[in-house]
Every structure is written in C-alpha cells, then in structure tokens.
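Number of protein chains: 2
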Amino acid sequence: MFIGAQLSLYPMASDFVGVITHALGELDPYRDALRIETDDISTLMVGAPGPLFDAIRDLFAAAARGPDHVALHATLSRGCPGEPDEPSCRCETLTVAQDQPLAVRSADALAAVADAPLSGVEIDVQFSLYVMGADRHMDEIYGCIDFLKQSGVFLRSKNFCTRLRGDAGPVVEAVRQAFLRFGPAEGHVTIDLTASANSPSPR
Amino acid sequence: MFIGAQLSLYPMASDFVGVITHALGELDPYRDALRIETDDISTLMVGAPGPLFDAIRDLFAAAARGPDHVALHATLSRGCPGEPDEPSCRCETLTVAQDQPLAVRSADALAAVADAPLSGVEIDVQFSLYVMGADRHMDEIYGCIDFLKQSGVFLRSKNFCTRLRGDAGPVVEAVRQAFLRFGPAEGHVTIDLTASANSPSPR
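Line by line, the protein sequences give chains L and B. Going by my numbering, the letters in the first sequence line up with residues 38 to 240, in that order. Going by my numbering, the letters in the second sequence line up with residues 38 to 240, in that order.
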C-alpha cells in the first residue's frame with residue numbers, strides 16, 4: 038500500500054515565507070519516518086498514518102500559534118492502484134479494521150479521538166472523504182459522518198464536506214480515524230482537507 | 038443532479054482581505070446563474086459547469102493579475118447521492134457524454150481546450166479526479182490523464198495528482214473537461230483542485 042499527502046500551507050501575511058519556514062521546523066522529528074519532497078505548489082509526504090497525521094497536526098498547530106490567519110490544504114490518499122507498494126506505509130490499524138463491522142470501527146474511532154492529546158491550539162477544519170472502487174461507497178461515507186457527529190469536534194455539515202472545530206489534537210485525530218477506519222482497508226480512499234486558524238471572518 | 042464547489046482564495050499578503058474583496062467582484066456576472074454562499078472557510082457555488090468554471094477562472098485570473106502570490110483551492114462535486122436534484126445544474130455536455138466511448142469523449146475534451154479563450158494570465162494548477170461508485174474507476178482516471186497529456190497545458194504527473202501550467206483560459210477549461218467527460222455522466226465525480234500564481238519558489 039502507498040499512503041501519503043500533498044500538503045500546502047497558506048499564511049495570509051506578506052512575510053509568508055518566514056511563517057512557512059518556521060512551521061516547517063515542526064517536520065524535523067518526522068523526517069526519518071516520512072519521505073518529504075517540496076515543489077512550488079505542495080509538499081509530498083509519504084509514510085504510515087501515524088507520523089503522517091502527527092506531522093500535519095504539528096505543522097499546522099505551529100503556524101496557528103502565530104498571530105496570522107493561516108490555512109492548510111492536504112490531498113490525502115491511501116491504496117491508489119496507480120502507486121507502488123511502499124513498506125514504510127504499513128499500518129496495523131488498517132489491517133485490523135479490515136474485518137470489522139462499521140459499528141466496531143466507529144467505536145474504535147471515537148475512542149481514539151477521546152484519547153488524543155491536546156495541543157492548546159484551536160483550529161477549524163472541513164474535509165471530504167472519498168471511497169473509490171466500491172459499489173456502496175455512500176454507506177461508508179454516511180457511517181463516517183455519523184462517527185464525526187459523535188466525535189466531540191463536529192461543527193456542522195456543509196455541501197460536499199463536514200466542518201470540525203476544536204483543539205488541533207482531537208480534530209486531526211478525527212480526520213485520521215476517518216481516513217483509516219472508513220472505506221475498505223485495502224481500497225482506494227482519499228481525503229480533501231482544509232484547515233484554518235485565526236480567520237478574521239465571523240464564524 | 039447537484040453540481041458545485043467549495044472555493045477558497047488565499048492571498049499570501051497582509052492585505053489579504055483587500056485582494057479577496059477585489060477578486061470577488063469578478064463573480065458579479067455569475068450571481069444570477071450560481072447560488073453563492075460564503076462562510077469563514079470557503080464559498081459555496083452551486084450551478085451548471087458553464088458558469089461555475091467560468092467564475093472560478095475569472096476570480097483566480099483577477100487575483101493572479103496582482104503582484105501577490107495567490108493560491109486557490111476548490112472542492113468540486115457532481116452527482117453526489119447525498120445532495121438533492123437541482124434543476125439549475127443541468128448540463129448538456131454531461132447528457133451527451135453519457136453514451137460516448139472514452140476516445141470520443143477525449144477528442145471532444147481536447148477540442149474544447151483548443152477553443153478556450155486566452156485570459157492573458159499564466160497560472161499553475163494541480164488536481165485529482167475521483168470517480169466513485171464504479172468498479173473500474175481507474176480506467177476513467179487513466180483516460181483522463183491521457184487527455185491531459187495531450188491538452189497542451191500538461192506539466193507533469195505527481196503522486197496523487199496531475200500538474201498543469203499555462204494561460205488560465207485553457208488550463209481551467211482542461212479541468213472542466215476532466216470534470217464533465219470522465220466518470221459516468223450520472224455518477225458521483227469530484228475534483229480536488231489547487232491553483233497557484235506569482236509564487237516566489239523556483240518552478
């Protein structure tokens with residue numbers, strides 16, 4: 038299986054280079070576990086969901102601690118048939134989830150969110166989960182939305198996506214659980230994720 | 038069918054509110070054809086692919102004409118089974134494409150890109166096409182990538198997405214054609230789109 042993300046950080050500040058460079062320091066602890074490559078649009082991160090989502094959380098939390106309005110976008114993918122097998126992406130949670138009914142996967146996802154450490158930074162997120170190559174893809178998507186509604190970080194449903202709000206720890210954990218426990222374990226599952234902090238717009 | 042986008046514009050400038058407000062003026066010609074609603078993370082636009090993609094193109098081209106580094110993200114969706122039928126989204130191209138083999142759809146897509154008017158603004162784009170509820174979803178995705186490679190605005194393949202570069206007119210037309218002519222006409226198809234202009238990073 039191949040797992041990873043294309044990630045972009047957008048500081049709404051004229052010193053955006055400084056804000057990005059500062060936040061990128063948060064990736065240092067993950068450079069052994071993840072393959073990281075940057076171009077002018079996004080940063081590719083390839084690796085297991087443990088370090089992958091931890092790195093996204095720490096990067097965005099660092100940027101959100103500053104005074105500037107910042108946004109982040111990530112295109113997350115697992116199991117794309119067009120990508121090679123990558124041993125560093127192996128994930129026990131995916132293997133375990135494969136044989137479990139939806140109700141058990143939801144309960145495990147809720148427990149993981151409840152256990153997530155707090156970061157002390159409040160963020161807003163919206164994301165879409167896409168399940169491909171499956172006839173009944175909406176069953177998994179509706180199951181995921183039900184989990185999110187009980188997660189403690191659900192804000193509201195929107196067209197095409199779900200809004201979360203809360204501490205970056207449980208919020209990013211909820212996205213990781215959606216990515217891991219919904220859609221077939223061996224299937225092609227993607228997420229389109231947007232995070233925002235310090236927006237001057239009324240929420 | 039329900040068709041639309043959640044759109045966010047990110048000016049990397051301390052006067053980001055001014056840049057966004059100026060660019061939003063470009064949506065005025067489309068306000069009759071599209072339902073437009075904004076919150077603190079994104080702007081929902083619902084309507085037919087004609088005005089929908091024209092509005093995205095004009096909004097981003099206006100922002101890209103300024104001196105600032107700007108990025109745009111759009112979550113595009115058609116045919117989501119969870120959304121209501123919306124008559125304003127009706128699209129002749131989708132109806133015609135339904136019965137055509139892949140080769141004919143690709144040829145029509147290439148003709149549309151060749152006919153696209155130029156905007157005079159150079160942009161970079163990367164996007165992913167997702168086809169759901171279909172057993173052979175990768176056939177459509179590979180067919181789309183083949184079309185993009187011949188489109189004249191293809192830059193390169195990346196993990197999880199395809200890079201385009203060129204004038205905003207044909208580039209956005211290529212994304213619209215990908216959205217309309219690949220994946221079943223009545224199916225659930227989404228796009229995760231990022232656009233960028235005036236980046237200081239080496240390309």
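Treat each hint with caution, since some may be false.
No copy labels: a pair is met if it fits in one copy or bridges any two.
[Unchecked claim] Here are the simulated lysine to any residue pairs, SDA-like style, with alpha carbons at most 25 Å apart: (1) K195 with Q135; (2) K195 with V133; (3) K186 with S125; (4) K195 with T132; (5) K195 with A140; (6) K186 with D65; (7) K195 with D122; (8) K186 with C117; (9) K186 with E120; (10) K186 with A70; (11) K186 with Y67; (12) K186 with P104; (13) K186 with L64; (14) K195 with A134; (15) K195 with N235; (16) K186 with P124; (17) K186 with I57; (18) K195 with D69; (19) K195 with I228; (20) K186 with D91; (21) K195 with D52; (22) K195 with A144.
Since the hints were derived computationally from the structure, they do not count as laboratory data.
Exercise. Checked against the structure, which of the hints given earlier come out wrong?
Worked result: 1, 2, 3, 4, 6, 10, 11, 12, 13, 14, 16, 17, 21
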